[in-house]
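*Asks:* Here's the letter readout for the chains.
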Amino acid sequence: MTGVRLENMVKRYGSTTAVDGIDLDIAEGELLVLLGPSGCGKTTTLRCIAGLEDVSDGRILMGDRVVSSAGFSVPPERRGIGMVFQSYAVWPHMTVTENVAFGLKLNRDIPRADIAARVRGALELVGLGALAERGISQLSGGQQQRVALARAVVLEPKVLLFDEPLSNLDAKLRERMRFELRALQQRLGITSIYVTHDQQEAMVIADRVVLMHGGKIAQIGSPQEIYNRPASLFAAEFIGLTNAIRGEVVSAGGASESAHVRLHNGLMLTSTNTGLPAGTAVDVMCRPEHVRIIPDGTGRENSFRAQIEESVFLGNLSDVGIRLGELRLRSQVSPAAAWPAASDVWVQLPPENVLLLRAQTED
Amino acid sequence: MFLFFCPFVYLFTIGSLRAMDTSLEEAARAAGATTLQTLAKITLPMSLPAILAAGLLVFILCMETYTIPGIIGSTAGFTTLPWQIFQDSSSVPVHRAHAAAAATLLLLITITGVWLQRRLTRTSEKFVTVGGKGFRGRPLQLGAYRWFATALVALYVLAADVLPFGALLLSSVMKYSAPTINAQIFTLKHFAAFFTTPNMLSALWNTIFLAVLAGVACVAIGFLISLLEIRMANPATRMLAFLSVLPVAVPGIVYGIGLLWTYVQTPLYGTIWILLVAYVAKFLPYGVIVSRSGILQIHPELEESARMSGASPWRALSAITIPLVQPTLIAILFFVVLQSIKELSASLFLYTENSQVLSVLTWHYMDAGDYQFAAAIGVVQTVIMIGLVIATRAVFRVRLETALGKELG
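Chains as they are written, first to last, in this note's numbering: chain E, 1 to 363; chain Y, 1001 to 1409.
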């Protein structure tokens, strides 16, 4: 097993910079997810690690060995990396067995008998043991992706790369495959890097999530960390839903005292998120599931009279639009409840769930 | 001319028609349009770029064709630019400058045509109707119009295939041109003569040799150029691809004169190699264009996944890419072989006594008024071509018209 290390990696295409100097340390056996919107540089980063793209600057190391640096690149076939592609990329002119055996046959040191056994093993692993002799076109999308997976793991790579492997599958299958992929990676213990734009997928699969934005790393952390303590409005909005309101810190607060912030409409909020000096322009953030609808909030902190705008039943929860003066808040209430439109209610934003993020001028 | 070029339009448009998602048409039907309205408002506008492109291509091809107008037109009392060039440069007195001027004019017209054609096909890429997903086209139900359509097709087949080829076959077995047909004038002596004239056999051999060599060369070079252009996109490879496609704009006759006047002083002149140069240059554009779309259909990840499985670049190419584009490559091979057998406009300028080819001989016997013998050669040529088409289908299970139509369209 080998870890992977990226040192100030830069990838430019002509005058555009796709990846703008990122540093990453992927531990042995870890499953790291590169997450971000399209164009954030996550796939480019993955392809650089695979050796399918050269880096413009910086270095990539596998273990102690430099595999990529400016002007130097170990070709992909000599990196000992397995990869599963978005389009599956299984070869249509070969059977399932031929696809999986392709890489093994290229290595003359492996005896024929071993090849057959290893192919069978890999196919059993992904649950395709019964379909070994099928042609590729006779398989469903999900089965084709399993073939691609078997083909990648059969070579016992040191590192496994996934480039949005589930995005071509239908929703149900995708959800099931997430858990399967995670379980398989845990069982094999292969260092894995997984690219996706689907935040839920990232949450299910990742040991650690690297959130990327505009060719840079926006935040690194466990799914919980990023969800509960987003470092920026971008992170807060990309992972999960959030209410975000412009405001200004009135008092910084401290160890035993809450911070206070004035929203742009004049409303005052209390937050346990202390430390930003008074006068700082902030985005005040509160996730919908923390916006509580209560019958009477008289005398409670961060409680306001409000009006229901609409209430949508989603089965396991209700998605409620609330009007608070000129502000519009979104609340998710579980278990689902229903309010008639225009009914008067109280909302409460618990201080411990009100996050203050330094406002970014560019957004 | 209409009959001769109809197949090209078919080849060029069937691809885009087949690729069109029928759900687009079905949506129109669901919105209340009749079959005819759907055809007029949806199908036709969407395939317009392909149809226009095909039309222009035929326009260019017509511009350079002088054999058909030459044979029919000169007797029917009208002349065309290519025919004029041919007359000026090959009949005594030779008007070289006149021919060169006419050729330049012709070149300008065809280049304008190609430029227009490129513009039109470029806009057609905006309507990318082709999804990666498989869908099944539903044949149009013609209902009562069926008989009318069948009759129309039958008429076309009759006029385009049956009558000319029948006449060809008939005259090849006649002793002389006769207005009435009776049993006494039938003979196989032309075919017998064909196989006993030494000149003829060497021409047959030359034709086959050149056609096969030109075919292989166009496939290999065309595939390589397209591969470089697509997989290693940079200004140099794009330029190379552009240059290799350029001869498409050059009418065969202009090309023939150009080559003749260029190579007449070199040892290449008078050998069949100059013919090979001409054929390869003339048909390479098809090799490049067709293999290009063939390669474009192969997702680069298919190659990349081979690399990730431990294959060298060469191994990925030979084990994955080439087998996958094989049908396209075979289609190109046979297309070029067939075209080379038919090629006359450039050959006529470049052949010598040592480098006869069948198409030129046919022309000469025709010119000399020996229609029966020319017809016999024509029959042999046709049989070779039909044989090739059938052989491709049988051996490689490639439907030539489908493969080409898909790629060209």
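For the record, the hints were derived by calculation from the structure and aren't laboratory data.
Note that the structure is a prediction, hence the values are computed from the model and not measured.
Do not rely on the hints blindly, as some may be mistaken.
Stated by the list, open to error - Some chain Y residues judged to face chain E by a derived CB distance under 7 Å, without partners named:
no.	residue
1	A1311
2	I1322
3	D1367
4	A1368
To be verified - Now the stretches of chain E that chain Y is said to cover, found in silico as 3 or more residues with beta-carbon under 8 Å:
no.	region
5	15-28
6	66-77
7	86-97
8	100-111
Ideal Cβ positions, reconstructed from N, Cα and C, are used throughout, including at glycine.
*Asks:* The structure should be examined with respect to each hint, and the outcome stated for every one.
*Replies:* Consistency of the hints with the structure:
1. Because the closest C-beta pair between A1311 of chain Y and chain E is about 6 Å apart, less than 7 Å, the hint holds.
2. For I1322 of chain Y, the shortest C-beta to C-beta distance to chain E is roughly 10 Å, which exceeds 7 Å, and the interface hint is violated.
3. With a cut of 7 Å, the hint placing D1367 of chain Y at the interface with chain E is violated, because the nearest CB-to-CB distance is about 50 Å.
4. Interface hint at A1368 of chain Y: violated, since its Cβ lies 53 Å from the closest Cβ of chain E, which is beyond the 7 Å cut-off.
5. Under the rule that three or more residues need a Cβ within less than 8 Å of chain Y, the assignment of the region 15-28 of chain E is violated, with 0 such residues.
6. Counting residues of the region 66-77 of chain E whose beta-carbon sits less than 8 Å from any beta-carbon of chain Y gives 3, enough to reach three: the coverage restraint holds.
7. Taking a C-beta to C-beta cut-off of 8 Å, the region 86-97 of chain E contributes 7 residues in contact with chain Y, enough for the three needed, and the coverage statement holds.
8. Only when three residues or more bring their CB closer than 8 Å to a CB of chain Y does the claim for the region 100-111 of chain E stand; here the count is 4, and the claim holds.
Comparing the model with each numbered hint stated earlier shows that hints 2, 3, 4 and 5 do not hold.
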